[in-house]
Amino acid sequence: MKTEQSASTQSNPWMETIVSLEDSTRHRTLESLCEGLDSNELLKAASELDVFRRKTDNLYHRVRAHFFLAAIYRYYLPLTFSEERAGLLPYEAYQHILERRFPEAIDQLLTVQKNDGPTVAISSAIARAYHQLGIQTLADQVRRSVKTVRGNQWMFRIGHPTEHPLRLNKSLLQWNLEAETYPILCEKTSVRMDFSHSGWSDIFFLGMDYPEGARVLNASVNLGVYGRDAEPKPPVEAYLRVIDRPVLRLVSTDLGAEAEITEIDEVFDFAKDYLGLLKGALIASGVIPPAMEGCHRKMSELLATIIGREGCGLELVSKVNDIPKGSRLAVSTNLLGCLISVLMRATGQVPSLEGGLAVADQRLITARAILGEWLGGSGGGWQDSGGIWQGIKRIEGVLASESDPEFGISRGRLLPHHTILDEKHIPLNAREALQESLVLIYGGMAQNVGPILEMVTEKYLVRANKEWKARLRAIEIFEAIVDSLKQGNIKQVAELTTENFTGPLQTIIPWCTNRFTDSMIEQCRARWGSQFWGFLMLGGMSGGGMGFFFDPSIQPQAKVWLLDALVATKRAMQMRLPFAMDPVVYDFTINDWGSWAEMLTGTQAVMPDGYYAILAPKLIRKDLRELSPQSQRELMWLNRSCRSGETRARWLLDRILPQPADTNSHADQLKNLLKENGFDREQHEQIRTDLLNGRIGLAENRLPRQSVIEDVGRDDVIDLRDRSAWNDKTADGESGRQAIAANQVAVVTLAAGVGSRWTGGAGVVKGLHPFCKFSGKHRSFIEIHLAKSRQTSRLYGAKIPHVFTTGYLTHGPTENHLNEVSNYRYPGEVLLSRGMSVGLRMIPTVRDLKFFWQEMPHQVLDEQQQKVRESGQAAIMGWAHTAGEAGDYTDNLPFQCMHPVGHWYEIPNMMRNGSLHRMLQSQPTLKYLMLHNIDTLGASLDPLVLSRHIDSRACLSFEVISRRIDDRGGGLALVDGKRRLVEGMAMPNDRDEFKLTYYSSMTTWIDIDKLLATFQLSREDLSSSEMVDTAVRNLGNKLPTYITIKDVKKRWGLGQEDVFPVTQFEKLWGDMSTLTSIDCEYIAVEIMRGQQLKEPGQLDGWVRDGSAAYVERLCDFG
Amino acid sequence: MHIRKALITAAGPGQGALPLQRLVDRDGAEKTALEMIIEEIDSAGIESIGIVISPGNEDAYRRAAGPYIDRLSFVIQETPTGYGQALLCAKDFIEDSPFLHLVGDHLYLSNSGKRCAQQLIEVAEQEECSVSAVYPTKEKMLPYFGAIGGQRLPQTDRLYSVKKVIEKPTPTLAEQELTIAGFRSGIYLCFFGIHVLTPMVLQILDELVSKSNRPVPLAEALQELASRERYLGCEVEGQRYNIGIKYGLLNTQLALSLSGVDRDQVLSDMIELLAVR
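Residue numbers (my numbering), protein chains in the order written: chain A, 1 to 1118; chain B, 1119 to 1395.
Just chain B, with the same shape it has in the complex (with noise of 0.2 Å):
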């Protein structure tokens, strides 16, 4: 399996100006979120990218896209309908191939040499099958996030095979269908935002949608996915930030800086901030 192509959903309520941002990289340099993301989905090999946005947002994101507006396709959702429907619209942009896709909302830093999404990549290729990359979450972050579960895979330390995926489960159910051996309690692994899907993912969303007329969340056809085909979710070493919630562009630059170049210098900016106020 070989994966060419990435597509970013960024059509969301309220999302259409968060890749937008403007924040300062590990390396110093101002970009914006959009950058960073592609960046992110280059490193990993990926030739074409497309990206889903809400009618009348092209020209911005055109300028936010920066040196990669040539590799980008963009998807127009013409109304917010669900994060189903959002990737149902980049049907003719995948062509029935394998591919990675992301979250317009987040953004990701690896704790290795390897960005999150090349690690995911290569284990999907390895593995030739769809691969959610997770992170082990406490369960007060439930409301916020999808989850799995599942069975660690024999032999790996980081790969699980997927039984159950629900979208921001009570704890309740947490504890009954997510629950997974070697984890503390209270623990889940929940979605990191990243996933490498195969086309069977966009025929069980066609399914979904012309069942019923409603929004249907990405977490409904990964679960009936898992029961299809074999589907892995891996553990990535890395850490995601959300840039939509409240905070969170402020957390995220943070996290970029302190594990950058400026470090020293947002240290001492901050030390100076607490001194004062």
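Looking at chain A on its own, in the form it has when it is part of the complex (with noise of 0.2 Å):
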């Protein structure tokens, strides 16, 4: 390794953190470098820091400088000047971050700093490029070691299938004269269960800088669900064999799929079907090198080179044992790891056909298996596929040496070693104990852990404080929990997997846990006491596989109960939290001959049964004389088969004929829905003709081209953004003051939406996602939003009914809610407004669909995730166009078919459905409302704010703040000359967006009876529904209708989820400044006041900019 440790290094403290060699130097934290630095300092060691990073060429130290100067940006500069400084984001800079050209943005990016000095917008941004370029280049690192690791080189030379050296084991052409078939390979393989948890440590990037903190405890595990599987096996399996057509057939048993391919390039198409795992298998194994990627060849010559037999083909066929996905076991990439095995074995480049692996054999479907899982477009951790490996291992990174092809670029290897603690290590009585104690859970939360694993890597790389004292604590534990294991004291093993997950873990990452995984905590510790030994979780983070260790006299009795209090706490929070399926308790062994191959042959040569549930209803529908000579022996097979088994004989029936409707239908469900919540069938029809007819639509949205869009002035907003500049003086903020204190104001909070954004399209309620812990408790966005007006209710002695406003989704599971916590003892009155009005999605049209994915600003991602991406979204085109475009999206649940018709509607809903009336009635001094988005979390009944609304006599004040780079969707503009909020699907042209200062945050002040003369109401006519709903559809009609784009999940099996467009429309309540008739104002902020919390991604850089610490302040919580 070079070092670099010249005399400019060694004078820069932040140089001479990257390149020393001393530990105590290296892993100098980033906190102490950047303690008491001022803004010009700071600014100084950027520019030093961004030379440096050009010049090294050193991948890890132009990494670590990389994540450097992305914090430097994003979390210590902008605290040394002021919001007023906000700036402006150039589009190009912009486009160039979206386009991923890192570096070409920040070139422009600090250009632009130079010549103008920092602002809120710049710094955003060049933090963003910073972070993405740090972690784009740890990606193309470990990529390029991944393709440097010997034995998978060749793979990226073949480009032609009759070039291909690759030949296919004589014994798989074996024609069994009496059966009649071909014989099958059929591999079985466990999957892996880290009872360690070093701290994530198994991420590539941490293993390959820091090989020495690198290390897990991994077991091989057998799994069986408890109460349905006799016992347990190995849950993943493959087979492979040779068919009588020219053809790749490919089949998914657990996600019943199946696909013949014909052409090389379908293999490289990943997200077209659910094959997409089978197909990384085939590439990664050489079956089908990676350079064959774009040859255009047909299939059958590929074939014919490999099987040496012209005519013949190969089938493919996975099975997972009803394994939920998310099992947080490696579930996925281990039967990656199988399928890879069974042809390498195939194909010769694993010696042994039958029988275990070497471990040479192990390594090399590591290093294959790592490789699929890049080519999938996803990626685990180095310990995934050790389910390959038998019994327990442990799992460490090693430091490169002169013969790795890592050696000069990182300190350590791509690949890990393992090593086996078998029976001298680890005994016999130890392993049994184990088993004995711990139950093995799958909570039934699917999750994202992406972010995370990105998150820890940044924390690592820049050394945070408490984090890396955390990591260090982590892998004491670890070596710990090996002693204990090796003694056989289980009680230690899991009061140390408990230390472990309660301090280092949720150190470093806070998100690792939820309110579910610590309710279940909670609960054993209740139930069972002294005889719950400890928690252990499994995988990214909790919710999906964990384990719980009880004292094993009383575990059989622990593990009955333990299913049903998973299963009740399930139910309890299931709107709360998005929950995939089920918990499902497993029984587990430790798995001690590792991935397992046998061939079977004559009569035994036969699939897994749900192979032929998938291919038999095809192959009977066919003529017979079309079918090939193999297809009709076997169902000749699954004739007699079904004659002598009176099962299979049933699911076939069921599989090929019809089956009698179920009464209480989802569509009976829809419709009852649609009907109770003010579904409007007549202007549903009336959008769905529009939008065929192409006169509404994503394109329509916009504004005329003509419209010229500027950026206000000075004079156009109230400046409260600089708290200094008005702290002092007591007499700013006295009519706001007054007027709490009067009982004139009340809380509007819109918890009507689904979240889309926040859930992925889960159909939880955010509002009651308890996604972050203040007070030592994890507390949900409504519980946060009632203890701000509960502090201000105390500070001013004041009445202050706080309103959540519901819809379809949200209005039972928050009125249950807030039943159930007695609306957290605020002491105010807390009303629930219901939403009166709601849509059907639609099946998007494909114009619609190519205008969002094509026309639309979007972040482009790494290459192979982006051509995943790109074939999904093929395959989604196509769905739209077979399933009709502008159709009933009715295939779902029938909540995840409806949607809110946006929040525009809330005020009328509120005046509709009577609240603001008996609000009005109860406490008639009320005056002034705020209204605010569930996820604005700095939102408060702020005197000052509340003050400049007063004075300004107008009907809406608007609250905006600087935009940084994430504030994307609209701004306050001059729209030809008039002031406005504009939505930012409404601009004419992208570009417009970043000449606006302001982002609007949504937050409003209203003046009520202002607001009611704008709909030509008296407080006196809220009593009258009809004049109610003439005002209402007035109004209504005066403010454009938006077509957009959500996310809607659907899930189904056993944990699956995918994810749909859908189309729905929605109008805005920004558009309420449009209208000549409202006086509205504008009101400049601070950020953290205004800033909005749309993605569990944004969590971590919350807590760490501070900004959670300032709602945490607003807060009381009783």
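Treat the hints as calculated values from the structure; they're not laboratory data.
Among the hints, erroneous ones may be present.
[Said to hold, decoys possible] List time: in silico SDA-like cross-link candidates among lysine to any residue, alpha-carbon distance up to 20 Å:
{"id": "1", "chain 1": "B", "residue 1": "Lys1282", "chain 2": "A", "residue 2": "Lys170"}
{"id": "2", "chain 1": "A", "residue 1": "Lys170", "chain 2": "B", "residue 2": "Thr1199"}
{"id": "3", "chain 1": "A", "residue 1": "Lys1050", "chain 2": "A", "residue 2": "Gln873"}
[As the list claims (entries may be wrong)] Just so you have them, the derived chain A footprint on chain B, three or more residues with Cβ under 8 Å:
{"id": "4", "stretch": "1257-1266"}
{"id": "5", "stretch": "1287-1296"}
If you're wondering where the values come from, they're calculated on a predicted model, not measured in any experiment.
Glycine included, each C-beta is placed from N, C-alpha and C at the ideal position.
With the hints as a guide, dock the two chains, each given alone in a separate frame, to form the complex.
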């Protein structure tokens, strides 16, 4: 490894930290480096780091510099200057970032910063660009390393089928005359359980920079679902055989998918169907080398070369024994490894056709599985293919030596070292004790751990202070776990894994736990006391795969109890947290032989049952003469088999013949729900007609192209961003304080939406999601909003009604929850304003999908992920075309087929459902409402802001904030000279948004009487539903209707989730600013007050930049 | 070390008739493939030649041997049990001395003044050890050949110390075990079909055959040889032609003719053929 300790680097503490070989210097934390630096010093450090990162040829030095720079610009520099220096973001730089041209983006942004000085917008963009460049550099290096592993390189050279150097093992071509079958090679593989969890240290980036700290204890386990399976067995299986047609047939029995591939290029179309994993295995095993992508050759050519016989093909079948997705046991990776193994055995790359695998082969398959994951656009850790190996093993990072391709590039090797801990290391009784104590479960939550792994990487590379200490402690705990296991002291193992979870892991990533997990641990403690020994988190985060240790004497009873408790807790929380399915308890045994293959010959050469359930109906529908001899023989076999076994005959009939419709079908439920929730069929049909005619659509959301969009001037907003300017002026805010104290103010929190971005379209209630710990407890959005109102209420001795607007999805769960928790003992009135209308989602038009994906700005993904994304988009467009554009979307749970119709309706709903009327009657002093989004956590009844609203005498005062790079979606503008808010999708041109300084936070101060006047209503009129309905309709007609595309999840099978884009329409509150009859004002507030939490991935930055602390200061949890 | 004997193997399944094929050599003379192989051996100063054949082929081989019949000793392999077993059949003929070995389904064309076998024997006698002729081969041909891994001998251009021998390796294995410094990616040193072997090879084969009742490839014995004795690979100046594969005989004939006295005639015939077909 090169050392770059030149004189210049030694004199600069940042570079010295990066290049030092001394641990004490290399591990200096970000906090210690930034301590006491002012704006100029930070900019100087950033400038020197930027020069360094451009010069250094060492990958990890460069990456660390990128992350230091990202942290400086994201967390430290913005604190040193006023938010009034908002600045604008250059559109070209933003485009560079979206197109992954990060170096160009950085150059341009630094030039703007040099000329105009640092601003909020530029800092946020520079931070994003450095961060992404750091991640990209690391990903590129892992990819390069995977390619350069010896044994993988040739696959990137072989580009023509006739040059293929692999040959199928001749044993697979031995036709059995008696049974008339080709043999089947069957591989069975266990999954892996990591019961050390050394701080996500199996992330490649960590292992390659800090191999000393990368270590896990990994056991191969057989699984059975408790109560269903007779005994645990290897959960994943792969089958391979020769077929008598020159095609590649892929069958996934667990996902019910099959395809016959005739072109080589089809194998590289990963997201076309559910066979991506099988395709990845074919490529990673070298059967279809990656270099053949785009070769435009027939599959039959390649098959003839490999098989050595014209007219023959191959069939690859996968099977997962009903283990749910998201189990955190690396089921997918081990299935990939299993498939790769069977293919490598068949092509002689693994010498043993049957039986176990040699260590060298296990290493090779591990490397190929990593390659396969990269090809599929996913990426686990390096321990994930542990099920290929046998028993319990210690897996550790290894320092790169001269003979390694990584030498000189990274400190560690890509691939770790496996040490099998056999009976000499861990005695038999210790393993038995482990099995008798530990209960493995799947909690039912399927979550994307990608953002967590990125957070872990960044925190490691910048050596964030407490996180770094936590990592060091996790390493100590790891060694203690290994020692305890060797001694057979399972109670101590349990204590250590619990300490690891509650200490280091949650310090590094607070989001690795959640309310569900905490609740289960609490319940275990309460029910079993000292007989509950501890908790184990599996994988990237909790909620999915988890382990609970019990005293072996009560483990059987605890297992029964645990299943009931898990299901009950899930049921209680399923509208608050994204569960994919009901929890499951497993039986498990440690697998001592690793991945194992056997040849099924003669009458034993039969595929698993799931296979025939998929293939048989397809074959039966064909004319017998069209079937190949092999298929005909299989049908004959199935015939015989059905005659002797009634079960098989029954499922075959079920698959072929139509079933009577379910009387309480989803269609009926949907019909009733639409009726109950104010669905307007006439309007729906009009929208469908307009969509199909092209009168409305995504492109038509935009304002006319000739509209002139300009930024507002200084006098166009009331600027309250610089707190220090007015904090001392006691007179400021007086009118606001008086209004609050005089019970004139209420809060309206918009909680009717389905939080598509927050939950990925999972259909859970965002407002109830206990997403973050405050005062030692997970708190939901709703609890936090009530806590803020409580603090204001106590401070001013005021009665503050708090309204939550709800919709068809959120009303019931919100109402139940607030009842359960007694409104969190909020002293004032808590009201729910139920939505009065709902829409039915539609299948998008191909035109809108193309506009959405091709015209609207999107972050381009890393090369391989982008390929997978585009392949998926092509499949979705095919779906929209065949399912019928603008058709009703009904192929999902009823709630998932409906949509809220936009937040403009929320205040009108308060008028229509009578809640506003009731509020005004019970508290006639009310004059003002503060309306805000559920995710605007900093919004509070700030007397100063309120006073500005009162003093301005406006009907509506909209709060705006200085725009940062993440704040996309419109803002405050002069449109043809008139001040108003413009939605992002209404911008005539993508560039226009980049002219705007202010982003709308949606928080709005409302003068109730003036607003009613706008509707041509008075307080008294609110009692007349007819007048209200007419008024709402009349005003609504003046506002635009937007067509939007949102993601919706469809859940199926065991924890499987598909995401579909669907079309819906909405009217938006910000468009009230377009009405000339309404007097609007705009108040610029600080970012922490106005920023919104749209995605869970924002949480970490939100805590680190002080926003969470800001919100907590506003709260009183009683 | 002085090499006096040579052994040809021609008893493999489907191989029996190959050496009997007639071709026109570089000088324009019509000969059997067997005669050409024997000429290759003869040029290296070999005194006696053994040939392992299947039962019933001896008469045909006698006719095909032409003027060299007197120098030939026939060894019959009763059943085609394997390549290693074929060599073991000739143990009595070899008599515990180093020997030259060629396969019966290949012909060789030298690029230098010396024939390929001669080049190899000179190296073996100079280095006093077993030497296999090797040739840089693209990875797509790996399913057809044995291949070696090792290091280039210091101060030499064409000699390699053999550390690993694998019969028909997969590219995966080749990349892990057979990469040689100085060669481009995807190029491996594969056997040329000519070896000079010490009696130790027969001893190893004996051990391997007695240990298991299965066909023993020569490569397996050569791998063991590399761990017991000094064993070299030699990049010979020449080309090999496999007459046993599809169009192998045609390719071999074209190679012979295009490097011999009939070059112009063959070329003009080919052009004429191209013009009409």
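Status of each hint after checking the structure:
| no. | hint | result |
| --- | --- | --- |
| 1 | Lys1282(B) to Lys170(A) | violated, 25 Å |
| 2 | Lys170(A) to Thr1199(B) | holds, 18 Å |
| 3 | Lys1050(A) to Gln873(A) | holds, 16 Å |
| 4 | 1257-1266 | holds (count 5) |
| 5 | 1287-1296 | holds (count 7) |
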